[in-house]
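Hints are included, so try docking the two chains, each in its own frame, into the full complex.
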Amino acid sequence: MIYEFSSFTFSIFAAFVGSVLILSFYLGSKAKSAKAYYAAGGGIHWFVNGVAFAGDYLSAASFLGICGMIAFYGYDGFLYSIGFLAGWIVALFVVAEPLKRMGRFTFADALDSKFHSRGIKLTAAISTLAVSIVYLIPQMVGAGALIKPLLGLEHIYGVLIVGVVVTLIVVTAGMVSTTYVQFIKGSLLVVFCSILTVMILNRGLTTHPGTAEQPFHTFRILPAAEVLPAGVTELPADGPWKDKPYVRFKEADGNIAIWRKGPNGTLSETQVVTTAKAAGSKQMINGKPLGKGPDEATLYTVGNISKLPGGKTETGSLGPLEFFQTLQDSEVILWGTDTIQEADGKTVVYYQKPTSGAEVLMPGNSSTFKGIKSPKFTDKLDFLSLMLALFLGTASLPHILIRYYTVKDQASARKSTVVGIASIGFFYILTLYLGLGAMTSGTLDVTNTNMAAPLLAKSFGSLLFAIVSAIAFTTVLGTVSGLIMAASGAVAHDILTNYMQLELNDDGKVRAGKMVAVVVGIVAMALGVVFETMNTSFLVGWAFNVAASANLPSLVMVLFWKRTTKQGITVAILVGMLSSLLWIFLSAQAYTVYGWDPAKAIVPFSQPAIVTVPLGFITLIAVSLFTQKTGTAEAVAAQRAG
Amino acid sequence: MASFDSKDAPQPDTSENAGTIARNAFYGLILFVIYLAFYGGFMYLNAFNRDLMASRPFGGINLAILYGMALILAALVLAAIYMFLCRASKTEDAAKP
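Residue numbers (my numbering), protein chains in the order written: chain A, 1 to 642; chain Z, 1 to 97.
I should point out that these hints are in silico values taken from the structure, not numbers from a laboratory. Honestly, I wouldn't trust all of these hints.
Unchecked claim - Among chain A residues calculated to face chain Z with C-beta under 7 Å, some are: (1) Phe78; (2) Ile82; (3) Leu92; (4) Gly291; (5) Met362; (6) Phe383; (7) Leu384; (8) Gly425; (9) Ile429.
The beta-carbon is built from N, C-alpha and C at its ideal position, and this holds for glycine as well.
Isolated chain Z, as found in the complex (with noise of 0.2 Å):
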């Protein structure tokens, strides 16, 4: 079993400086909100529409499979935007004189 002591431990990530911190920090929770809110979307349909859901809107399968599917797509995209955002934020910070 490992042990823990301190010079063992990994040492803070100083690779991105506070400009960049706070830029990424700040496109994290906006992509946060917009998946939450898209979550959000799904919980209160299910809860309160059900009928809805089981509406056929494309390709004759319900919004209940399509909109479960798209939460899923979804994560998988915005997480991409996230780092595509992030590797440009470095890229700025990291041009300035």
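Looking at chain A on its own, in the form it has when it is part of the complex (with noise of 0.2 Å):
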């Protein structure tokens, strides 16, 4: 049974969740006057604050969806850790210096500093509550899915769940995530992860993972001489089943098995679930309705090594180099999905994919980067564009680029920096354990990626996972109540206060803000629900594809280019932004969202960036150059002065 309630996991997992929260409560008590807000942030220590920036970056997508995609995919899951890493350079040695010499607050501020233009303050607001959205998504997935094994709800009243609590506490204390529970969170996400790296190169690898309490099913794979056992009937390979390679058998019991055909004529076990298009109607798990009573059935847990190198059945404890050593010369087994389309409703079968342990640690294995296997350069750019929207990604995200506010001086700024690189590297470097150690432990929900941290965990007992959920919640917590505060501040203070030039007192603005923070968390709550299937992993290389299109083409020329205007900072922003969002919403990966054949998508990859980061510099470098007589900050300070 992979989700089963138990008060045990549950009493450990509330009672850790509430006292971050009472710990959050309190020092947000402490710090709701502006001035002892960010008299907070340039009085914290440049150790602590480097922590809390991990605290802040390391968020559901770096935990759940990255060890999520290295457990099914191998490798390509660590593109990403390698991606979100590097973005650091750029923010560190390119944008971060000067921008904390602007002392300003937020991104509109800083990009506006010369020009005090209205429309650059708009569209700054707008792209940063574009981000702020688009990042909230994977957020809202990566609780949900959380919230599924602890409860035994469904992802739907977890979205739910953690999103009013998310809105409730901005709403009622405030800004949540202070410093200090940035860097209890970071260090415990850090320590906690080590502690699992541990555990795993202490088991070491079998191909017989599973305990008296978790017992594994084993997958058969039959040779070609195999006969299937009596009583069963092949059933005609007709309507949507016609040119499949799959074989479908009526039981003696009338349940249909479905196995795949393999090289050779091998035939595997499959696992299928059939949900029926009529209302009510209940969701079928391998021939059986879905339960856990008699005669019915859950999905089994997968994620094993079928061969290890010499023959051996288990390894015992293995070094961290040996760990990959052996890995590579082993066979696993990864998960392949297909959906069958029939009349009456679908079909998912889920087959095993007998991988070398070689391929495994090669990129290429997941939907996202299989372009990289392919001949064509067409077929590469996924790769291509997602690396470089990761790369530049980091250092054009309005809620990490305020975190530089915090310190008091530059020096400190870059002492923060190198421990939060440190410190995040690390993190990364440990998530290639963590996700290969998943990929093995037997605990997997071949449903799921985005569980197979937490599942990785409850392979090791019952309190690892209570604690290491508990960790993955309120880290999800704290992001979700820094992006809605970040989008409600760029409404409140962004487009209210200063494009609009409304004249509101601080409770106007408070209230304003609250008002925003709902807003925005019923969008969140929404597209959580909407996208519940997704790697969140996947959807956070969308928030950086989004934010490097919008916002560095004009950070960086703001900083560099003196003949920057604020027309070109304006129209960049707009033109980076609605392109990579357009480009988004008609991507092969949202038409599978919205239930269309992704064959037929109109852009040919799913990653903008390589396109709408080089056309938001264009953008923004015509437009100035045709408006040098009125927009560059010279000329704004020379009209402002007559």
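Dropping the structure here:
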């Protein structure tokens, strides 16, 4: 049974999350005034602030998404780790210090410091709002995925609970994610992931995962010559099953079993989820109604090594390098998915893919990066574009940039960043062990990549499962709170006060911000339900694409090109943001969400940055050159003086 | 929720002089270009020379893993070098009459 409610697990989880929330409220209550809020940041030690960087940055995507992606596709998930960390180089070496010198506290303020343009304020605020919402989706998806095994509730209820809790926190307590809370979360994440990694290495690799409490179902692969048991009848391959590599058998008890034809005539066992169109009909798992009663079934857990080097069945404890060496020479069972649309519903077949360890530790096994293996250049653009977005996106994320304003000077900002890079880098190295450990632990849910890390912890016992889930959950809460705050701040400060120039007193600003927080929370909940099945890392990749396309051209050019004009910045933000969002909406991955045929997607690849970032730069340069007389910082200063 | 009165906003950081700032920016750009080349090489090899990434040049581990780990460690090393250079630069300026 993959998910089973346990009052012990839930108690530990609730106590852990409750402690962090109480601490958040306590620290939040001390930082209600603007002055106290900013002074707290300015007085923080650089080491604490550096680990808090890690707490801020290591969101659901880093923990749940990357581990899940590595567990299901191998090295491809590690590409996200590399890209996410590399982005800090751009932030540290190019953007951080000039921004810090400007001494502002929102992204829009920084862009607008030389121009005092309402257009820049508006577009930068809209961009902050767009990036925050796109970034919120994976956090909500991750939260929903976590709630499901802990409370035994469906994903939608998990998303709603998290959304309501976070919105309430933001509305009642203001800024929850204080630096100290992020420091605690960042530290716990790194410490417990280190413990998990040591446990993975200590356990080593085995061809028979599972324990007496959590038995593992070994999936069969039958050689060609083997005869199926008596009493089964082969069904004709008609309708949507025609030309598909499956054999369907009606078993003696009336159930239908589906086996996948492999090379050399082998047949491999699959897992099947059938969903009928008729309202009220129950989902069928492997031919039986979903449930835990007699004559009902749930999916088996997956994830195992089928062959170890030298014909061994287990290795015993392994060193950090020996772990990779052994895995490279092993054979691992990965899982593929095939959706068959039938007249009365759809059948999703999950099938085994025996894969060499050497291939698992190479890029190109996921749908995102499969183009790497293609000889065609255009097929590789998804990979190149995503790596570019990850590299450039970090330095363009408004909620990361504003943390540079919470330290007292540039030297502290630098030292904080180095500590942040060390913590985040160490964590990302651990993700490779965690993901590969999950891949071979026999505890994966074949339908949900995001649950790999908590389920890996579960393979070591309920206590660790509860703690790891709680850490992941508080991470989501903190990130979601921060993003909702950033979005509501953009509206209340940049749009209402600065752009619309509404005369709001302090109470009015706070009320407006809270109303925006509620609206953003509702939007995030709705999107969290819609995007349930997508991997959180993939979704965060989209947020990086939008951030890099909308913000980076303006940020870099305003810092390094004196001929940049206010019109250039305004138009570049709009073009970068809209073009990247439009590209994403028209991509094959988005078509899947709409329920449309992904093969008919209009754009040739899913990651827009390789097109839309240069488009943003070109737009800014072109518009700036056309508006030199009125838009440069000097022209604006002269007009203001005159 | 914190309000946004300008009196509460962080003030511009004037702890480093123009010379130090320019030198730090130069160091930052040089180190950025070094890392960019290293990162670009990683992207190129993955996209266009997958066989080389599958080779095992050291410790029986493939180049894809080694290069990825090296990129993570290089980020930390370059960041530490940058911090050291910036501190040296500030000390040097402070020592000037």
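For the hint on Leu384 of chain A, does the least C-beta distance to chain Z fall short of 7 Å?
-> holds, 6 Å
Holds or violated: is the Cβ of Gly425 of chain A closer than 7 Å to a Cβ in chain Z?
-> Since the shortest Cβ distance to chain Z is 5 Å, the answer is holds.
Mind checking the CB of Leu92 of chain A against every CB in chain Z and telling me if the closest is under 7 Å?
-> holds, 6 Å
Does Gly291 of chain A meet its interface restraint, that is, does its C-beta lie within less than 7 Å of any C-beta in chain Z?
-> This hint is violated: Gly291 of chain A lies away from chain Z, its Cβ roughly 43 Å from the closest one there, beyond 7 Å.
Interface hint compliance - Ile82 of chain A to chain Z, C-beta minimum distance less than 7 Å = Where the cut-off is 7 Å and the nearest Cβ of chain Z is about 5 Å from Ile82 of chain A, the hint holds.
Closest C-beta approach of Phe78 of chain A to chain Z relative to 7 Å, hint status = holds, 6 Å
Grab the minimum C-beta distance from Ile429 of chain A to chain Z and call the hint holds if it beats 7 Å, violated otherwise.
-> holds, 6 Å
Using 7 Å as the Cβ threshold, decide whether Phe383 of chain A counts as touching chain Z.
-> Holds: closest Cβ of chain Z sits about 6 Å from Phe383 of chain A, inside 7 Å.
Is the shortest C-beta separation between Met362 of chain A and chain Z less than 7 Å?
-> holds, 6 Å
In this structure, the one hint that does not hold is number 4.
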